[in-house]
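Novice: Please arrange chain Y on chain Z, whose structure you already have, making use of the hints.
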Amino acid sequence: MKNVEFDSFISESKQGTVRAIRFNVDGNYCLTCGSDKTLKLWNPFKRMLLKTYIGHGLEVMDAQGSCDNSQLVSCGTDKNVILWDVTTGNTVRKYRGHLSTVNSVAFNEESTVAISGSVDTSVRCWDLKSKRNEPIQILGEGTDSVTSVSVSSYEVLAGCADGRVRRYDLRNGKLDTDDLVHSITSVRLTKDGQGILCSCSDSTVRLIDKDSGELLSEYKGHTHNQFKIDSCTNHSDTHVVSGSEDGCVYFWSLIDGTITHRLRHEGARIVHSIAYHPTKNCFISAAEGRFWIWQESEQETEE
Amino acid sequence: MEDFFEGARYGKEIYEPNDEDVPRKKRKLSRREEREKERQLFHGAFKGGFSVGHFGTVGSKEGFQPKTFKSSRKDQNHSERIRQTVEDFIDSEDEEAFGSSSCRIRMKKSYEKEKEVKRVPHTERQLLAFSVEKLLAPQSNTVGERLLQSLGWKPGQGIGKKISLQRKNPLLSSVASNQTTISPEDIQAIITKFKEDTFGLGYQGLEKPSFSSVAPSSQNHVFGTLEKGKKIRISGQAFGVGMDEDNEDMDVYSKEDLSQYDFELAPAKPDIRKKEMFSTKLEDRFVLASKPWLFQKYYKPPDVPKDFKPHLEEVEVKQDTISSEGLVGRKERFNLLKKGNVGLEWEEKEVDAKERPKEEDFLQKLFSSRFVSKGTDQTATGIEKETELPTSLSKARRGGRITVDWFPDKLLCTRFNVPCPYLSVPEKKTERKTSLPLFTALALAKEKKQQQASGVESFPAPQEAPPEREPERELPKTEEADLVTAQFHERPPIDLFKAIFADSESEDEVSTLTQPSITETAELGSWTVESKVGGPYENMTLVPAIEEKKDVGKGQDKAYSEEMKKETIDENLPAITEKPIFTKTFSKQMHKVEEEDHALIEKGKMKDKKELAETSKSKVKSDELRRLEILERLKEFDDLEEVNDLRKVVTSESEDEWVEIDRSDKKKKKQKKRKKEKKKKY
Numbered sequence: 001m002k003n004v005e006f007d008s009f010i011s012e013s014k015q016g017t018v019r020a021i022r023f024n025v026d027g028n029y030c031l032t033c034g035s036d037k038t039l040k041l042w043n044p045f046k047r048m049l050l051k052t053y054i055g056h057g058l059e060v061m062d063a064q065g066s067c068d069n070s071q072l073v074s075c076g077t078d079k080n081v082i083l084w085d086v087t088t089g090n091t092v093r094k095y096r097g098h099l100s101t102v103n104s105v106a107f108n109e110e111s112t113v114a115i116s117g118s119v120d121t122s123v124r125c126w127d128l129k130s131k132r133n134e135p136i137q138i139l140g141e142g143t144d145s146v147t148s149v150s151v152s153s154y155e156v157l158a159g160c161a162d163g164r165v166r167r168y169d170l171r172n173g174k175l176d177t178d179d180l181v182h183s184i185t186s187v188r189l190t191k192d193g194q195g196i197l198c199s200c201s202d203s204t205v206r207l208i209d210k211d212s213g214e215l216l217s218e219y220k221g222h223t224h225n226q227f228k229i230d231s232c233t234n235h236s237d238t239h240v241v242s243g244s245e246d247g248c249v250y251f252w253s254l255i256d257g258t259i260t261h262r263l264r265h266e267g268a269r270i271v272h273s274i275a276y277h278p279t280k281n282c283f284i285s286a287a288e289g290r291f292w293i294w295q296e297s298e299q300e301t302e303e
Numbered sequence: 001m002e003d004f005f006e007g008a009r010y011g012k013e014i015y016e017p018n019d020e021d022v023p024r025k026k027r028k029l030s031r032r033e034e035r036e037k038e039r040q041l042f043h044g045a046f047k048g049g050f051s052v053g054h055f056g057t058v059g060s061k062e063g064f065q066p067k068t069f070k071s072s073r074k075d076q077n078h079s080e081r082i083r084q085t086v087e088d089f090i091d092s093e094d095e096e097a098f099g100s101s102s103c104r105i106r107m108k109k110s111y112e113k114e115k116e117v118k119r120v121p122h123t124e125r126q127l128l129a130f131s132v133e134k135l136l137a138p139q140s141n142t143v144g145e146r147l148l149q150s151l152g153w154k155p156g157q158g159i160g161k162k163i164s165l166q167r168k169n170p171l172l173s174s175v176a177s178n179q180t181t182i183s184p185e186d187i188q189a190i191i192t193k194f195k196e197d198t199f200g201l202g203y204q205g206l207e208k209p210s211f212s213s214v215a216p217s218s219q220n221h222v223f224g225t226l227e228k229g230k231k232i233r234i235s236g237q238a239f240g241v242g243m244d245e246d247n248e249d250m251d252v253y254s255k256e257d258l259s260q261y262d263f264e265l266a267p268a269k270p271d272i273r274k275k276e277m278f279s280t281k282l283e284d285r286f287v288l289a290s291k292p293w294l295f296q297k298y299y300k301p302p303d304v305p306k307d308f309k310p311h312l313e314e315v316e317v318k319q320d321t322i323s324s325e326g327l328v329g330r331k332e333r334f335n336l337l338k339k340g341n342v343g344l345e346w347e348e349k350e351v352d353a354k355e356r357p358k359e360e361d362f363l364q365k366l367f368s369s370r371f372v373s374k375g376t377d378q379t380a381t382g383i384e385k386e387t388e389l390p391t392s393l394s395k396a397r398r399g400g401r402i403t404v405d406w407f408p409d410k411l412l413c414t415r416f417n418v419p420c421p422y423l424s425v426p427e428k429k430t431e432r433k434t435s436l437p438l439f440t441a442l443a444l445a446k447e448k449k450q451q452q453a454s455g456v457e458s459f460p461a462p463q464e465a466p467p468e469r470e471p472e473r474e475l476p477k478t479e480e481a482d483l484v485t486a487q488f489h490e491r492p493p494i495d496l497f498k499a500i501f502a503d504s505e506s507e508d509e510v511s512t513l514t515q516p517s518i519t520e521t522a523e524l525g526s527w528t529v530e531s532k533v534g535g536p537y538e539n540m541t542l543v544p545a546i547e548e549k550k551d552v553g554k555g556q557d558k559a560y561s562e563e564m565k566k567e568t569i570d571e572n573l574p575a576i577t578e579k580p581i582f583t584k585t586f587s588k589q590m591h592k593v594e595e596e597d598h599a600l601i602e603k604g605k606m607k608d609k610k611e612l613a614e615t616s617k618s619k620v621k622s623d624e625l626r627r628l629e630i631l632e633r634l635k636e637f638d639d640l641e642e643v644n645d646l647r648k649v650v651t652s653e654s655e656d657e658w659v660e661i662d663r664s665d666k667k668k669k670k671q672k673k674r675k676k677e678k679k680k681k682y
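If you read the sequences in order, they're chains Z and Y.
Sequential numbering of the first sequence, starting at 1, is according to the numbering used here.
Sequential numbering of the second sequence, starting at 1, is according to the numbering used here.
The following block holds chain Z by itself, in its conformation from the complex (with noise of 0.2 Å):
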């Protein structure tokens, strides 16, 4: 992997800034969330820009596509969270339930529920199915902004700006509260699912354990301290991903903790979002108005 070179192609998304850029289920789409109110519906590979929704208020900061790609959920500014008809790119529902800008929006594995985490430092569970305009559940345990929120088959992760990771553990009833002290911008759980890699704004991306909530790597030389980065991990859970605030995507080795990778940017100055192939080594990352797409070049490795 160390050897590995990413090709990227640039694409202009036209939406302002994009605020967050996701793929869909699969990996062979991806979403682009604007400060332009629209939420973009592209096929990086084909580098067509397949549909545009259009419907929300303000600024959009984050989507998510259903499991059967029937549907995708966004949120924004304008405190709605929204249902969208991918084919006819109707609004489905929206819910007004948030006080303040959602930040972040997740599906459920079966896409019957919608999480999102705003700004009102709640948490909310929307049912899909039903036609409430209520939330099911509003988790309201956090004492600073929700920045965002994972969710797996069985819990829901809440990453908060008071330093606090909280994972709601649907099976067995409980909710874990790990302190990291510093603003957590991203959570994300590992493909494996047994770690929990947040974003601190300390310039550190924190790994811990999820059963016992010890800290088991620290990933640092990137720069995050203002603004809202993502990081995950890669396909195969060998490597630490994020972004930055000096317009480069970093790599670590995930057991080593060594910086790997630092892709350039051109022309970016903060790198904000990215999203990671569920399968394939590719990955498309978006800094201010345009996104990149990478991908693994053709190179033989030489090991």
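Because the hints were derived from the structure by calculation, they are not lab data.
These figures come from a predicted structure and were not determined experimentally.
No incorrect hints appear here.
Looking from chain Z toward chain Y, a few residues come up when the C-beta cut is under 10 Å (computed):
1) Asn108
2) Val113
3) Ser130
4) Gln137
5) Tyr168
6) Asn172
7) Leu175
8) Asp178
9) Ile208
With a straight-line cut-off of 30 Å between C-alpha atoms, the simulated DSSO-like cross-links for lysine-lysine are:
10) Y:Lys134 x Y:Lys193
11) Y:Lys446 x Y:Lys410
12) Y:Lys410 x Z:Lys174
13) Y:Lys410 x Z:Lys129
We treat Cβ as the ideally placed atom computed from N, Cα and C, and that holds for glycine.
Specialist: Relative to chain Z, chain Y alone:
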């Protein structure tokens, strides 16, 4: 009658028609009249010749004589000029509409104005309006005015014989005033004051005192002297009145003066002499103070060290845009601070030992990022220290992992396809929304708090039933009861409806418990009940079939729900839960019934469910019991509309009589329409 008449007759008989008589026909028209009529009808048509507009009278004796043309250009005699009027051109039939006969007679403008001036003002308002009008209206004297003026009258003077000056002003008594005459005063218009208020007749409000009026003198006083020689003055309603013969008409008993009342709630002050109040001299208004005015607290300036060189150092204060951190305590700095004298009062106060750490914490936060102790070296090393601190302190704060119990919503568990972690323990913090008005919600919350504090179970007694039962079978029923999401203050929980309307279903549920979930929907008027039958996680949600009702109260609900949301975010306030009022007992009943039925089935006596329904004693019992129960419970909801409907349902003896409860407006409208249609048909 005519037969008997013997004398001579003159004239025609007066025709007095009786009511019974048919009105007689008009008399036969004379020839002339006939012609006239004809002419009118045909306008001279069908006769040929020049007859347009003049009924064929041209050239005839009676008719129109066309005038020969005369040039008037040379004609200077304008007085003889032919003046043509409308009457020359119109037909006789149009005379009614356009001729002189239809003209109204009105006054000439010069005469017209007099009418308006004659408006006499009666009320003050009218007078005001009148005077304003007078000011604004263009001056034009009336005929009468002009006549008078020509006779020597001036506006404002009265009319009549001249009177002597003395008579007018009786005070004058000179000879000259006796002899000279002057015109009398003009009569003033009598202005009556209309009563525009609702006070009693003759009511006069309190007179507001004015400082200019010399009030004391108008009052009656009695003067006297005390033993020591002090003069006193007693004033009041009853004082100083008796012997005043001159002023007999003085109304003694009704003097109400606002000056006698206090205008402010203030302790009795020594009378400030008015002179003092209004005098212009400074000495009169101010008095030397008794106490010297000192500053309450005087703080010394900080001790400046001798070698102090003032220079500006820029210390970067960390400001995270995301979090509000930056005020993390820095112990070392604080300790340094403590060494130096800061001289704040509150620090020196003696505080309880318990409170101290909190204060220190607070101090930490307050000073750490803002102040630099004088003792520290103000060079780059200071900044370095700053960056070092966070790591050391982060260790202090990081408490590792904290695990607490969390109760996911049952629906959430279902959606995640995860078995619900807790079974018997009821939810304490449910953040489910109900559209309760704010105040009842708060009241509920208070109640809950109180109940929790006192150690009483927050749910009614029947709650005891759940832990007794086996989790397998009985669980769905209790959960069902728990999950009632009906509006608390409006409708009885869904179980009630279910119990009434879904009789046969209960049997189905029992038998299909082990089967995978089947959704059944039962329509209850405008509400559809979605119930997941079977499975361990039965859910019941009331889904309104008609959206109208929602929209009606939407604005209100939103406001309230917004408030509610704010409430729930506050962690101190316990969240709102629905109270399953009496469903526990119900389910208990139902369970007993089912158990009995099961026993019967097991015995093998009953094969068909229908047989069971018809013949089982337990079923009969349960029916009756159920109905009784329902009636009892309905007493609680006496005020609701639905109650009456339900009562009808419950008290009906056979199933055929069951009344359809329809709550939908649409249905009613439809019914009305149908009724109307039926009526129309007949």
